[in-house]
Amino acid sequence: MKFSINRTQFIKTLNDVQRAISAKTTIPILTGLKLVLSQEGLTLTGSDADISIEATLATTDEKNQLTVEEPGAIVLPARFFSEIAKKLPEDQMTIAVGDNFQTTIRSGKSEFTINGLDANSYPHLPEIADQNPFSIATDVLKQLIRQTVIAVSNQESRPILTGVHLVLNSGEMLAVATDSHRLAQRKLTVSVPSDVNYDVIIPGKSLIELSRTLADGDETVEIRIAENQVLFKAGNLAFYSRLLEGNYPDTARLIPTSSSTQIEFNAPVLLAAIERASLLSHESRNNVVRLTLNTADNTAIIYGNSPDVGNVEETLQFENLTGEDLEISFNPDYMKDALRSFGQTAIMINFTAALRPFTLVPSEDQEHYIQLITPVRTF
Amino acid sequence: MGKIHELSEILSNQIAAGEVIERPASVVKELAENAIDANSTQIDIVIEQAGLQLVQVIDNGDGIEPDDVSTAFKRHATSKITTRQDLFKIQSLGFRGEALASIASVSDLTIETATANSLGTFAHFKGGILQTQKTSPIRPGTAITVRDLFFNTPARLKYVKTFQTELANVIDIVNRLAMSHPQIAFTLTNDDHLLMKTAGNDDLQQTIAGIYGVTMAKQLLSISAEDLDFKLTGYVSLPQLTRASRNYLSIMINGRYIKNYQLNKAIIKGYGSKLMVGRYPVAVLNIQMDPLLIDVNVHPTKQEVRLSKEPALMTLIEKAIYGRLRTENLIPDAVQNLKQTKVVDVDQLQMDLNQITSQRRNATGTVRPVHQTSMPEKTMKTEPTATQIAETETPLKTEPTADPNLNSLPIFEQPRQLAQWDDKYAAESVGNPFGETAEDNEVPIARFPVLHYIGQLHDTFLLAEGEDGFYILDQHAAQERIKYEYYREKIGEVSNDVQNLLVPLVLEYPNSDAIKLQARKELLADVGVQLESFGQNSFVVHSHPTWIAQGQEEATIREMIETVLENGKLDIAHFREATAIMISCKQSIKAHHHLDDAQAKALLADLAQTENPFNCPHGRPVLIHYTQKDLEKMFKRIQDPHQSWSGE
Ligand SMILES: Nc1ncnc2c1ncn2[C@@H]1O[C@H](COP(=O)(O)OP(=O)(O)OP(=O)(O)O)[C@@H](O)[C@H]1O
Ligand SMILES: [Mg+2]
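Top to bottom, those sequences are chains D and Y.
Residue numbers 1 to 379, in UniProt numbering, belong to the letters of the first sequence in order.
Residue numbers 1 to 648, in UniProt numbering, belong to the letters of the second sequence in order.
To be clear, the hints were calculated from the coordinates, so they are not data collected in a lab.
These figures come from a predicted structure and were not determined experimentally.
Hints should not be assumed to be uniformly reliable.
Mimicking DSS-like on lysine-lysine, the simulated pairs with C-alpha atoms at most 30 Å apart in a straight line are [as the list claims (entries may be wrong)]:
| id | chain 1 | residue 1 | chain 2 | residue 2 |
| --- | --- | --- | --- | --- |
| 1 | D | Lys12 | D | Lys142 |
| 2 | Y | Lys309 | Y | Lys259 |
| 3 | D | Lys336 | Y | Lys490 |
| 4 | Y | Lys269 | Y | Lys231 |
| 5 | D | Lys86 | D | Lys205 |
| 6 | Y | Lys197 | Y | Lys521 |
| 7 | Y | Lys569 | Y | Lys161 |
| 8 | Y | Lys134 | Y | Lys74 |
| 9 | Y | Lys158 | Y | Lys259 |
| 10 | D | Lys24 | Y | Lys218 |
| 11 | Y | Lys259 | Y | Lys197 |
| 12 | Y | Lys265 | Y | Lys231 |
| 13 | D | Lys336 | D | Lys187 |
| 14 | Y | Lys586 | D | Lys336 |
| 15 | D | Lys86 | D | Lys142 |
| 16 | D | Lys2 | D | Lys87 |
| 17 | Y | Lys319 | D | Lys24 |
| 18 | Y | Lys269 | D | Lys24 |
| 19 | Y | Lys218 | D | Lys205 |
| 20 | D | Lys109 | D | Lys63 |
| 21 | D | Lys24 | Y | Lys586 |
Here chain Y stands alone, though its shape is the one from the complex (with noise of 0.2 Å):
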């Protein structure tokens, strides 16, 4: 007897919404979605409990004819297209037919509907299963009520997060359908809380304005470029008015939000060296184009897509946006400037030299850290200056050494630094804006070796021999670590006095932020941050922590506000880290500084003691490495490290 049998239809929809939908904003994000491609000018989106109870989505657009109703609701029904080679033309967001059948599958779901020359039409799903249909009196439009989600399917909703984590999705995905409709008047609401609410008036400065605050929306530049193939149009921030994580890059196509790292490295290279370290820009842009060269139907949720003139579209954007930076005139402060320019990870300088010629061996096929797990990308995002360094006029890589292999030493290389943002933006894909999920995992200790003193060179470098090879060591380097990390924890130490301010400070946060910081209020609370809600995206504060460098109070608060936001969690100590990097470096011997053997050798065991060191709190590497087969090469006595020592 067969056990192949086919699946009922429900539990096949059910399936698909596993795909489809994988939380409340998805539900959101579908009908939304439907009520645009309907041609609706007004769409407003009610929310309860972060959508886990209700979502309704409410439009104005052409409606559904009472036959085609319970057809909507079928898998594959859609009227959006009809042969293969309209899949390759799509003009409208949806195109599979999937979402109404994989919502209402999961969920208790009532439709109204009425196209401007028919009766309205009311249907009631449960589970799926048709309840009830009759007429209905109902103006033109669709309404789409939705309750109950995943009722029946309790593993779905195990994974749901918390209320504020979903609600924050709601929200930006709500942002992002409103940002690139500037034309349609958009409002959410979420347990009668209005949280957004644009125009509709085609403006997408106003509608930026809108979502992100007004604040916000002033300090945008306008940008716009067009080729033969491609029109895009937008707002990019000036390189002051930065976030510490790229969730405010949006990328839309044909109206569609889109996610994609090239294009989002596009951006950031049109800024040039004008962004500091682990900052990204704020920037909204639509991009127009022949569907012919875009191919949306490449992952369930349909934000990801395949574009066949990538790399025209990636210069476009960056010319467009330096292009337009350019025009602006830009005075960078001191402190920025010593910041900004290029950044490299440590992971690059990452001075575990053992693994350099493993590394040289597959440099150019290496997508994957060597040794991921020497600096997971937690430490990054605690400690982004000590983890980054701006890489100046003289990149490491000109450093001169013997031979010209070692010199393009392959930490260097983009690949490996695309890789991780690869898999950084992979994570911050799923989904995570509150990042409860990050664990604390430790951070494994690299090896430091057991170095021999030898000598100072030039009264600078102090050369060592290891058991494994020949080390030079940067003596102002390493005792910027050494001070460095001696002042991090001392600095962190600080008062809990508040000083009180006659003129409170006003802040302004875009809503998925406010949202965000009302539930974590109580972390700043804790280091003498007082946030008080004033009217829905602000806060008020009207006293700080003591320890704020005078003149300062409102970018070190702002600062503190979005470590929180993107961390979860604010810990003093690492917060101070550039203070602590400027006191250290100050305080510690410079080159051409002779240091008699008793001082070198204390400086190597106070290194050895260090958390990381490999690295001055600015990111250089404190010393390199040649190993034993490395100074053999450079000899001449071995070819190439594949091939195995071949004697005299």
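Okay, chain D solo, but in the shape it has when bound (with noise of 0.2 Å):
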């Protein structure tokens, strides 16, 4: 295998790839990067099992200034691979592999040569065959992501959790994760035929790997889904993921359909506040604050509560409050991460009862998200 190629497009496909490849892997040979070379392109590989990335970078693209002389694979170590081609004098570098799969790696008056691994030698990827694949908005499918994974369990003894519950049913698409703290819900329209329907869960890690790896050049992502892999494909990008197996717990029901006090706040607003009230909180002894709404006086007092530094109560401001008093405490961080996902919008807080979860939606387009959150029983 021999080839010259422009450093910078190079290392910017290369951190992509990285990002799949782990120093922790189990399997030896996953610390490395696999790199094949055809007429066509230069393919790189990282995976650690879990996830795996693929990208090209094509002969036909003139910013990559790749020219093949002889076409092959190999594997090799990603990071001190990765460094040396960070590190390189020249803007064109080229690798040739030699025998026993020692490589070497020139660029203007450098020369290194380190010891590749047999390519045969590197796991498979997954075969997804064609089926139905679908496509979504980059940056929806990244919003989707992002309102959704806060939610996600990181206790590895409830795998389930870990995962966010991806289901497609007659071109409408839902995305929930629930740590059993609090939950969210997503929902979409997707341009499928009726007929294409999923129920998967994708580690939320791995989503949050997708989220950052996908350019917001990619206007589309093209997701395919087999038995236990999904596929997100962007541009020259291609993402694997392994899915969860199990059964996800039946959320729909846990979601309240009615509501007995409504109040409409503005997120930054109430988000700084709840900021404020649960400085004083402990994480490790009492990490509470207290919410008390009054109609009839139309307050909403805020008060977060210490026993050995001190106290906070903020009245806070609101747009809208409707139905019954109520008093519930809830842990700060919940409302906190709740609140950063909606951005500078306007939310509708429901609650059904001081023991009960209580939702959040954007005032606006109460339907297709939703945050909810367990409250905590005082004494």
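From the two separate chains plus the hints, produce the assembled complex.
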């Protein structure tokens, strides 16, 4: 294998692929980066067995300045190789594989020789047949990920909850995540034939990586789902993730359908107030704030207390308060996460009772996005 | 006139019963073992009131010929051995011919039994006396029903513990019998409640699943090993699946569950440094060996055995486990990493250095801790992290000191550690699974010397003089101890608030634990963990205390449950010790930090106020001591502590 390539272009692609490579993998060859060179282009692959990323630098793309001298394949130690590639002196670099997988990397007057590994011993990426691919706009997918992954659990003892539950049914896509303290749900309409239905659980970690990998330039992401893998394709990039096995809890029945108290806030304003109220709450002792709503007085008061530090009380600024009086306590961190996910919008908070979960939805579009938080029972 | 006379048969049977039949669980054990010896493939055990009211064991084994029935109830009547030689190659679980006679002498017993080609027999004994015997139609097999246990030995009845304790003992024994005989289908029912059921399809893992639950069984690795003398098969847990007690180690030799401290040790050694401090694996090992190599006739309950090639067997076990775990890829998390590695009891570190010289004298033969009273076992249980340390790469004993003899402080020597294990083990084997008898004896406070501050060394160590010699203190360790005790209290003052869960946690426990938990649910409810029964061995948790760190909910609740199972109580302050240790370590002055005299003296004064000024919360020593004698010896002013001061 021998080729030369534009170093900046190469490093850009390498950075994407490297996301999938972990130094801590249990399969030694996966600490490597796989390079496959054909007349069409150079394909880089990185994988940690959970996720795999493949990206191609096409010969036809002028920017790549890719000259293929001899097609072939090699696996190079990712950490060393990427450090080398980043520090080389010239714009152009040449890579040549010699005997025993010894690989020479040359740029200007600098020449490195590193030991590679046989590309044949690199695990094959799953084949995902073309059944029923569908597409989503990149920014919408990234938003969906941002809105749901906050509620994903990090408790490995309940592996199912570490994923986002994705259901595609009659052209409607539902993404749900819950760590069982809070829940986030996003609905989307996707243009697919109505008989294309899916029900899968994608690891939250994979989605976070995917979201980081997706360039804003790419218009749409193509999604393909197979037995235990999902593939996201955008531009020259293919992102594979393992799916979680098991049954996701039935979350539909967890979302209250009616409410007895409703209040409207400007999300950033409420966020700032919650941040203040939680200043005194103590992570490891009692991370709780209390919200008191009084419809007659038309007041909303937030209260935070820490026995050995002191307390804080703030009368909140809000838009609309209707329904019954209520006093409810909750973990301010969940509220903060939820509020941040709304950005600069007005939101409705709907309560049913002091010990029942409450929901947050955008005032404008109450149908498509919902955050749910379970309260704390205080004594 | 002679006062000495022979005891009546019934009386001597009752005396023997005192040894063989200690409690309802012993009845279950003896009857079930007989059923196993009779080649049964199905054994159903039904008890009422934990066996105090009723024990019934029904098998489908060989049965007893009509003519043999009354003989079987005679003392020393057995079909299992005949000659003295037989005693050295016992294949069966029974051999003494004492069990039936003993049980019958202290209860109201009926037996129905039939062999494949004879008429069935029914017999009724009360207090050992045959009441009736007649023919009775019954399919081949034996059913023995024992009622009113200990009715005629009220003293024995007094020693019987609570209902739950006895039940847990029965379950424990049946569990072990079932695990040693996966080819036999067992059921155990208490008060119409099916507590345990095994398939009897000779699949050990499935048998374990029937006992410890599927979740746990799935996390076990199969092991096997063989040499000329031994054949070993079984299952061991991954190092991350551990328990707070050694109760989950089951060793079976030739189908007999035995208790053997050395073999337990071999199992634990097989894990190398992979186990966390104070944690034990789950292991079920079936060992086959030539009966000549094992002497089972050493203890009335036959649970203790003498093995002639014990060291070889230990090596085999250790290697088998070690080798098996090595093939698994173990990625311990950071916290575990911090904690894991070898356990050293604080006793060994206890800086009651007045004892050093005397300990050194009898270092080799020491089996008893010298100052046992200064750190009773009780403390070890409730404060595992403070009283045990994770010894990392540099064992403290390699710390350079002037004298190579002083170097090898006997406090680190194995025999003492072993002695403690022995003690603990002995305590355990008496059978106290609920720990109610663990007295709340006060921890006597070891004397902390009055120290006169001399100065700081390398901005890291404090030097001080005491009445009885010279002291060096580690300033970080000292402050860590002070802060730790402060935070341990503070951190215990948690709020009672509970966070609701959208998706409840489901926790599955082995049947014996589930029974205990049922009885102790209140303890957990008091600290904000409400267990709701959910099926036979499972509990649902709908909310958790808010102080539990995010993401740690299940792990923390499980730990709380284990603490309750182990200690029968839960003290949040002590429970949150790990957090206290972390905070105290972060907040303490490090090495290479200059202290002026006032600061150093304040530190010494605060240290003297602490509960245990001798160790930092990680178990490392806070101070080391050279007695006057030590100093004299180092300067060769005396040769040996045995010799008295020899003058100039
Ligand atoms: N369930 C049974 N099925 C068939 N035979 C039995 C059964 N239970 C007891 N026996 C017969 O009764 C005899 C006496 O039983 P017992 O338990 O008293 O003594 P053992 O089993 O021989 O010795 P050990 O006292 O060590 O248990 C046994 O040797 C056996 O022949
Ligand atoms: Mg017997």
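Exercise. Which hints from the list above does the structure break, by number from lowest to highest?
Worked result: Nothing - there is no hint that the structure violates, so all of them hold.
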